[in-house]
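Engineer: What follows is the residue order along each chain.
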Amino acid sequence: MLRGTPFHPRTAALCQAHNWRRWAGYIVAGSYELLHDREYFAIRTAAALIDVSPLYKYRVTGPDAERFLNRLIPRDMARCAVHQVLYTPWCDQAGKIIDDGTLSRLDADAFRLTAAEPNLRWLQDVAAGLDVTIEDITEALAALALQGPTSREILQRISDVPLDDLGFFRLTHARVAGIPATISRTGYTGDLGYELWVEAAHAVALWDGLVEAGAAYGLMPAGMLALDVARIEAGLPLIDVDYIPANKALIEERKSSPFELDLGWTVKLDKGPFVGRQALVAEKERGPGWQFQGLEIAWDSIERLYADAGLPPGLPTTAWRTSVPVYSGGEQVGYATSGCWSPILKQYIALAHLRSGWAGPGTRLEMEVTVEHRRKRADARVVKKPFYDPPRKRAVETAP
Amino acid sequence: MKRKDYDAVIVGGGHNGLVNAAYLARAGLDVLVLERRPVLGGAAVTEEIHPGFQYSVCSYVVSLLRPEIIQDLELARHGLEILPLESTFTPLPNDDYLVRWADHDQTRRELYRHSPRDAEAYDEFGKLMVQLAMAVKPILGMAPPDPGSMRPGNLAKMARLGRHFRGLGSEKLAALVKLMTMSSADYLDEWFETEALKATMAASGIIGTFLGPRSPGTAYVLLHHYIGEIDGAFRAWGFARGGTGAVSEAIASAARGLGTEIRTEASVERILSKDGRAVGVALESGEEIRARLVVSGLDPKRTFLGLLEPDELPPEFVDSIRRFRMRGSSGKVNLALAELPDFTALPGVGPHLRGAMSISPSVEYLERAYDDAKYGEFSRRPYMDIVIPSMIDPSMAPPGKHVMSIFVQYAPYALNGGWDDERREAFGDTVIDTLCRYAPNVRDAIIHRQVLTPADMEETFGLTEGNIFHGELSLHQLFFLRPAPAWANYRTPLANLYQCGSGTHPGGGVCGAPGRLAAQQILKEHRP
Chain W
1 MLRGTPFHPR
11 TAALCQAHNW
21 RRWAGYIVAG
31 SYELLHDREY
41 FAIRTAAALI
51 DVSPLYKYRV
61 TGPDAERFLN
71 RLIPRDMARC
81 AVHQVLYTPW
91 CDQAGKIIDD
101 GTLSRLDADA
111 FRLTAAEPNL
121 RWLQDVAAGL
131 DVTIEDITEA
141 LAALALQGPT
151 SREILQRISD
161 VPLDDLGFFR
171 LTHARVAGIP
181 ATISRTGYTG
191 DLGYELWVEA
201 AHAVALWDGL
211 VEAGAAYGLM
221 PAGMLALDVA
231 RIEAGLPLID
241 VDYIPANKAL
251 IEERKSSPFE
261 LDLGWTVKLD
271 KGPFVGRQAL
281 VAEKERGPGW
291 QFQGLEIAWD
301 SIERLYADAG
311 LPPGLPTTAW
321 RTSVPVYSGG
331 EQVGYATSGC
341 WSPILKQYIA
351 LAHLRSGWAG
361 PGTRLEMEVT
371 VEHRRKRADA
381 RVVKKPFYDP
391 PRKRAVETAP
Chain B
1 MKRKDYDAVI
11 VGGGHNGLVN
21 AAYLARAGLD
31 VLVLERRPVL
41 GGAAVTEEIH
51 PGFQYSVCSY
61 VVSLLRPEII
71 QDLELARHGL
81 EILPLESTFT
91 PLPNDDYLVR
101 WADHDQTRRE
111 LYRHSPRDAE
121 AYDEFGKLMV
131 QLAMAVKPIL
141 GMAPPDPGSM
151 RPGNLAKMAR
161 LGRHFRGLGS
171 EKLAALVKLM
181 TMSSADYLDE
191 WFETEALKAT
201 MAASGIIGTF
211 LGPRSPGTAY
221 VLLHHYIGEI
231 DGAFRAWGFA
241 RGGTGAVSEA
251 IASAARGLGT
261 EIRTEASVER
271 ILSKDGRAVG
281 VALESGEEIR
291 ARLVVSGLDP
301 KRTFLGLLEP
311 DELPPEFVDS
321 IRRFRMRGSS
331 GKVNLALAEL
341 PDFTALPGVG
351 PHLRGAMSIS
361 PSVEYLERAY
371 DDAKYGEFSR
381 RPYMDIVIPS
391 MIDPSMAPPG
401 KHVMSIFVQY
411 APYALNGGWD
421 DERREAFGDT
431 VIDTLCRYAP
441 NVRDAIIHRQ
451 VLTPADMEET
461 FGLTEGNIFH
471 GELSLHQLFF
481 LRPAPAWANY
491 RTPLANLYQC
501 GSGTHPGGGV
511 CGAPGRLAAQ
521 QILKEHRP
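Line by line, the protein sequences are chains W and B. Heads up, the first sequence is in the working numbering, so the first residue is 1 and it goes up one at a time. Heads up, the second sequence is in the working numbering, so the first residue is 1 and it goes up one at a time.
Subject to a maximum C-alpha distance of 16 Å in a straight line, what follows is the list of computed EDC-like cross-link-like pairs (lysine to aspartate or glutamate): (1) Lys127/B <-> Glu252/W; (2) Lys248/W <-> Glu171/B; (3) Lys284/W <-> Asp270/W; (4) Lys248/W <-> Glu124/B; (5) Lys4/B <-> Glu261/B.
Rough simulated footprint, nothing fancy, chain B against chain W, three-plus residues with beta-carbon under 8 Å: (6) 18 to 32; (7) 118 to 129.
Example chain B residues on the side facing chain W (calculated, C-beta under 7 Å, incomplete): (8) Asp105; (9) Arg109; (10) Pro116; (11) Arg117; (12) Glu120; (13) Ala121; (14) Glu124.
Bear in mind the hints are in silico, worked out from the structure with no lab data behind them. Keep in mind the model is a prediction, meaning the values are calculated, not measured. The C-beta atom is built at its ideal place from N, Cα and C for all residues, glycine as well.
Same shape as in the complex, but just chain W (with noise of 0.2 Å):
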């Protein structure tokens, strides 16, 4: 059966829309309220609270841990200091993705691996023969997002820890509410933000503590509706939505690599062997065939499109997650996978998968959209990603 997080007694009881969405194997709150702006504003103006505990959670441990994440992961280990968190997706050996996630450092020899999708037993084939422990700890390790612009006066309210100078994608381990956590500056919103990792136990106390600091700083739950904006916005691609995991795809077009999903900067291939490195290489090499960027679609084509069918100009109430064709005068030259309306930036934006020659900022394209029954074009444009990149997402000095 599906079951609730660590944090059900207290969402269960807070989610006045009942419109409970499947992650993993759970059910998490789509939004708490009958609409989800308000959450997504407390995302961008006060703080969220978020539960992502279905997240797959990994402990890996031993003398060739390090070893291990190195052969595992494209990026380099060499460069990840004890207490520092990366995000990387992992590859197949022909270098395509089979999930994506962030990797924390706790220790020398200790580290934990989210993940969306189940790993147990690739990460197990990968470390054959090494001297490593690993261990699924998706049950027993609750995890919480804070994230927004007041989420750091919220969680030093409580902790014992001072957090001014914990920068971004860095932990620490702390006291939350009296609570042992571990807090990462991280998170899926392209925000001010944290993520606090404690025992499944403690998880409601946390909650508690939390949602009694944040009284006074605007502090509200935010489900997934909300939460999906916000990723967008941050340009964060999403797992079997922007891309098909390589070990699901029944047929090779379905794969993508880090290239072709904008993360060549994760992948280090001087660094030495690991899993896809070869085939990384030569894809390099050739350049990659398709691109992952972000989509502007114009307001004025959108208005004039909905107007010519007599109708004020319609536009997306929550971030959709189908893939849409995109084209080149007549021809398509891709496709986007989300989209929403940003209401922060204004503007009708989208994550679309672009054939090289057509995926440079600034390039003219079209997007269908769906007038009154009827297919259309709007009028799009290339531009890179992140939509929307505060300066508080990496700042180290207190925030506004």
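With the hints as your guide, set chain B onto chain W.
Structural biologist: Then chain B, alone, in the frame of chain W:
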């Protein structure tokens, strides 16, 4: 009264004979179907053996029925309704259990309980099987070429096959070769560690064969079962509303609608031939029916060794048919129950009773069951595949009562000392004893019990040696070797005699493909 001559007379009103008749009639042929029994469907029948209780006497689930047949013959309009069989429940002797549910998350969590690795391997295995099923599916949809023939049509087909296999890529080709050569136990060992999971999956590799899970070649039959699809979804099993006989009834209704004449209790005694051509059939009653074409839906042994004299066929061909392996290995027990089984491993009435229940706790259990059969005994602890159709379709039993269908393997046709009433009941007792180890209340809940041994299946349904697939589904009897080399294209050495039963490509199961492919071959040669 002048007797009418038909374009085609079909011997046997099983599902393949009916499919064949419907397609021929659709093309404008004047078709007559002759069925020996009072009910249509052959081994795909529903019968009220005990008042108020409808038994799917032999065949009991639907999956392989080809979607194109459902479309072409408009079977939905003719009353075919396939209800989902959602899960597979394997109770274990230690009172634990394993269930594979319809829901992916739920199955994953359940598998995880037994082995986190298996929970992940299961998805990848499923993906590979779907890919391989896709790869094999076109083969199921074509009349096999004869690799030895240089006729242009044949060469073109061989070339198409060659291209098809080259296009698979090395990874899938390797997997396919492994499937063709390995035992299902060895193949599954490469993927999984949970015994109950391996055994329950391996079981589908041995159904209807006289082989054990450790016999090479059984891995391919695993795939054969993955090829089953409902509404385009691979590996979906269903249950026909009204029992499996309802599938036959729907096909018969379609055939009648297309102008086919169907006669029951019309037992064909001989195929009539003249100058090396089939010209009609003679019934047991003495009646003779003339037709331009004769199509047999019976198994190859009954068709060629039973309905024709040896001197009407080439000796080499007769020899091939003699050597075609039947070796029935399974029995069937149908129960009328006053109450539902209460499994000690998962007590009470739950969703697990709506799916299949599999007595297959370990690969060793299955292999031991085979050991008994190898030496001429029925299994002391048999593999059993159980469904309770009345859980899904209340019309199968009186309110509050139930029917249970138990497929049992192994029950060798060649039982030491032969089958008789006493051995049949002993076999039935073994099945009930085995089931009661997992659900003890069944014994006292039985209102009526029907036990079918391979000998009964031969006697009642005309399945030679009780083989439910009209011949074993082992590699040496598939594709261009089914039922005999050079005669896999539904033709026979006797001109104007065709075969359309499960003994031809692609084989058994309620799939209808032999009937359809045979009709296509016939229509190529005999346009109305």
